[in-house]
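Protein chains: 2
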Amino acid sequence: MSKKEQKFVTHITSQEEDFSQWYTDVIIKADLVDYSPVKGFMVIKPYGYAIWENIQRELDDRFKATGHKNAYFPLLIPESLLRKEEEHVEGFAPEVAWVTHGGNEKLAEPLVIRPTSETIICSMYAKWIQSYRDLPLLYNQWCNVVRWEKSTRPFLRTSEFLWQEGHTAHATKEEAQEETLKMLEVYREFAYNVLAIPVITGQKTEKEKFAGALYTYTIEALMQDGKALQAGTSHNLAQHFAKVFDIQYLDRDGQLKYVWQTSWGVSTRLIGGIIMVHGDERGLVLPPKVAPIQVVIVPVAMHKQGVLDKAYEIYDRLKKVGIRVELDDRDTQSPGWKFNEWELKGVPIRLEIGPRDIENNQVVLVRRDNLDKVFVSMNELEEKTLDIINEVQRGLLDKALKMREDRTTFARDIEAFKKGIDKGFVKAMWCGSRECEDKIKDMTGATTRCIPFKEEQIDDKCICCGGNAKHMVYFAKAY
Amino acid sequence: MSKKEQKFVTHITSQEEDFSQWYTDVIIKADLVDYSPVKGFMVIKPYGYAIWENIQRELDDRFKATGHKNAYFPLLIPESLLRKEEEHVEGFAPEVAWVTHGGNEKLAEPLVIRPTSETIICSMYAKWIQSYRDLPLLYNQWCNVVRWEKSTRPFLRTSEFLWQEGHTAHATKEEAQEETLKMLEVYREFAYNVLAIPVITGQKTEKEKFAGALYTYTIEALMQDGKALQAGTSHNLAQHFAKVFDIQYLDRDGQLKYVWQTSWGVSTRLIGGIIMVHGDERGLVLPPKVAPIQVVIVPVAMHKQGVLDKAYEIYDRLKKVGIRVELDDRDTQSPGWKFNEWELKGVPIRLEIGPRDIENNQVVLVRRDNLDKVFVSMNELEEKTLDIINEVQRGLLDKALKMREDRTTFARDIEAFKKGIDKGFVKAMWCGSRECEDKIKDMTGATTRCIPFKEEQIDDKCICCGGNAKHMVYFAKAY
Chain A
1 MSKKEQKFVT
11 HITSQEEDFS
21 QWYTDVIIKA
31 DLVDYSPVKG
41 FMVIKPYGYA
51 IWENIQRELD
61 DRFKATGHKN
71 AYFPLLIPES
81 LLRKEEEHVE
91 GFAPEVAWVT
101 HGGNEKLAEP
111 LVIRPTSETI
121 ICSMYAKWIQ
131 SYRDLPLLYN
141 QWCNVVRWEK
151 STRPFLRTSE
161 FLWQEGHTAH
171 ATKEEAQEET
181 LKMLEVYREF
191 AYNVLAIPVI
201 TGQKTEKEKF
211 AGALYTYTIE
221 ALMQDGKALQ
231 AGTSHNLAQH
241 FAKVFDIQYL
251 DRDGQLKYVW
261 QTSWGVSTRL
271 IGGIIMVHGD
281 ERGLVLPPKV
291 APIQVVIVPV
301 AMHKQGVLDK
311 AYEIYDRLKK
321 VGIRVELDDR
331 DTQSPGWKFN
341 EWELKGVPIR
351 LEIGPRDIEN
361 NQVVLVRRDN
371 LDKVFVSMNE
381 LEEKTLDIIN
391 EVQRGLLDKA
401 LKMREDRTTF
411 ARDIEAFKKG
421 IDKGFVKAMW
431 CGSRECEDKI
441 KDMTGATTRC
451 IPFKEEQIDD
461 KCICCGGNAK
471 HMVYFAKAY
Chain B
1 MSKKEQKFVT
11 HITSQEEDFS
21 QWYTDVIIKA
31 DLVDYSPVKG
41 FMVIKPYGYA
51 IWENIQRELD
61 DRFKATGHKN
71 AYFPLLIPES
81 LLRKEEEHVE
91 GFAPEVAWVT
101 HGGNEKLAEP
111 LVIRPTSETI
121 ICSMYAKWIQ
131 SYRDLPLLYN
141 QWCNVVRWEK
151 STRPFLRTSE
161 FLWQEGHTAH
171 ATKEEAQEET
181 LKMLEVYREF
191 AYNVLAIPVI
201 TGQKTEKEKF
211 AGALYTYTIE
221 ALMQDGKALQ
231 AGTSHNLAQH
241 FAKVFDIQYL
251 DRDGQLKYVW
261 QTSWGVSTRL
271 IGGIIMVHGD
281 ERGLVLPPKV
291 APIQVVIVPV
301 AMHKQGVLDK
311 AYEIYDRLKK
321 VGIRVELDDR
331 DTQSPGWKFN
341 EWELKGVPIR
351 LEIGPRDIEN
361 NQVVLVRRDN
371 LDKVFVSMNE
381 LEEKTLDIIN
391 EVQRGLLDKA
401 LKMREDRTTF
411 ARDIEAFKKG
421 IDKGFVKAMW
431 CGSRECEDKI
441 KDMTGATTRC
451 IPFKEEQIDD
461 KCICCGGNAK
471 HMVYFAKAY
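Protein chains in written order, with my numbering: chain A, 1 to 479; chain B, 1 to 479.
It is worth saying that the hints were derived from the structure and are not from the lab. Where a beta carbon is used, it is the ideal one built from N, C-alpha and C, also for glycine. What you were told as hints is all true, and nothing was included just to trick you.
Simulated restraints, written as ranges between beta carbons of each label pair:
#, chain 1, residue 1, chain 2, residue 2, range
1, A, Thr66, B, Glu313, 19 to 29 Å
2, A, Ala108, B, Gly466, 48 to 58 Å
3, B, Lys419, A, Ala108, 37 to 47 Å
4, B, Asp372, A, Thr100, 50 to 60 Å
Okay, derived cross-link-like pairs now, EDC-like style, lysine to aspartate or glutamate, Cα gap no bigger than 16 Å in a straight line:
#, chain 1, residue 1, chain 2, residue 2
5, A, Lys127, B, Asp34
6, A, Lys64, B, Glu53
7, A, Lys423, A, Asp225
8, B, Lys39, A, Glu109
9, B, Lys64, A, Glu53
I would like the entire structure built from these sequences, with the hints used as guidance.
Below is the structure:
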């Protein structure tokens, strides 16, 4: 027996027993990632990378539809550039990797591997932007970044990750704010419709905002263990970088003015979110829109005459209508073994075809989200399969919405807060002070996730100090 | 006036006067790249990056159609891994960037930024490959790599570049060789049909092969200045890496055996090739299959009633049939100015529409490759435009083929060799010795580009030493 076969029958830790171990079991056993020889760096295996490719395609289409273009900026940033914006360097300098030697020689100036690219990009924008006609400048890049993390988990926090970072420059404050919120909405809609993750949107507090931003907005997802995952951020950088990098444009009125900027990003972390929102005791559950394989065909009694031929016919028909389909014609495993494996790998729909089905001119579809069996006539194969793919997508979203609702409470006192925070989001009032924010974290382990756009008036008083409440905040323990 | 307007009217150096300066003028003025604050690192601007995206899509489809899957491996490689394969470390150690500190701490073991990923990938394959059932393993990755170069030129040789690197493992020597040649053929067909570059294919000499390979195969393109560009390589790694990384599989016969491996890659260097094969005195000339914009619509007498409406109608109709089309409706520039700019940027077809054309129910198409004007009836707009796009693609290939033929000579003595080498490829006989290879380089500046699959019997004697000829070789000066 090959290693693969031996591996499969091993146990996945149950979610209730140990959610964290369940996560690790799933990512390894579903063959999404592996640990690499460099501590904190992961290898993304083909099945995991294919999810990322689908995410990229969906997002890239949205970026282009909103007028953005892709570019590519250097991996390495001179120390002096990184140090230009004060808050930015304070935030990032402690966690960068330093390149000190190149081609056997010590470098005159050390370089950092980009932890994010504001500084190198701003140095170019200063050169490119001259006139109001050059604005808005709407660029994005898909790349790798490195942040030296002490404690890492595949997808959620790794020393290297893949992401996209949008960087835009605008003539006015209003346009920059509009862009910041537009891209947040792109992320929200994408999370909702593609990942089937109903995220909360809102603004980060001063403490939690991006190093160098005026305002940071976020999409926050709730995991099945009650912890929140910051799944994407969009920053209004105001003129912070423009002033230190001297990015000025000649306006219509003949005046030289600083531009207003934004940046926004999502990363391979989203894959961690998909796993922890939708996964179950059998393993991974993938939303059809990002699943590398949407339908897997498992022939039953494969060596009976006509079965494999019919399976290939079905494969061709589904492929022709654009479904990502795979036919598992391995003769080394039984159908039951295959069922288990494809469930572990989260394939949204299993299609079974055997001699009796052929007799009845039908196939059997089994939904991964609820294990429902559906008999579909061969005459309606494409249409019904497409329908059920959409139903699974919708089913996962509904389930995730319900999960989030069940796990969201509000609190007027710290006892209720503590009780709620183990379940998930707690909505509570806050006076706006850093002191209370820190104290709540010390007492409960929870951080402010965001101030939502529509605040509810839960109370008049700050849940911590009892002073005048300024905001309703979503609190949670977070990844 | 904005900087852009001022920039445009500046002069492009003529190819004959100074090809190298022409190249630099074109890449900067056509807005493909810019120099970055880090020496040897370039910024790929949106217009240049869009060419890369089209290259990626075309290649990725071909890789997937031949059974390959994408994955992602870490950027950083521990020094000890890099040092495992002797030839490999000799070849690459002198040109790597070293990461010595992470997160304010000195690393216990220095890491190199990948110059290529054989070593880190092999360390994983040793873990993943257990049984003959795990073979063949056919993975590819799209990523950035860093090689510390002393002398750099955008696209052609930069300290960081983007590329894909395929890494495969096979059960037998024959399968590995088959894969090596299959991927070379994928590159050749892609260069020919997509880039309109008729490359020469063949094997590298021992001196010129990849550090760690048994055999290296190459696609070699000829530029309009008579220099060759190595445009892609495919390596048969034999068991060199398998043995030092201990990549063994249990075969059907119960024996543990080392795998046979290949690797193959092409990079953003291809964009340099496109520029130097097809460009002309007016600037860039892009093959339609990789052009970010295939058709640019320039309205004439734009403010006359109906012109802009008609232009938008044409835009919609061409977009609907999948043509990458742009409408230049800027009112800050004259049509003549726009003609020049889009010619500089190499857009394959310019579509002019003005009041008289509307009267005649026609548009004017101007081909970038030969400046031919074609009048097309609005009734046949889509069909004829698609035809002409194909004709431009074909026209560029024919032109490049003729250029290569004109610049390829053969030589039986060193005088003829020297004369031919200033024009382009020289086919000549070689005894197979490293001494002669080095001597020819010293005397003429030319290197062996490849031993083609079909050698011609030009002579019996080595062109250098007069000894028995072993091979016919393509020689050229090279980038």
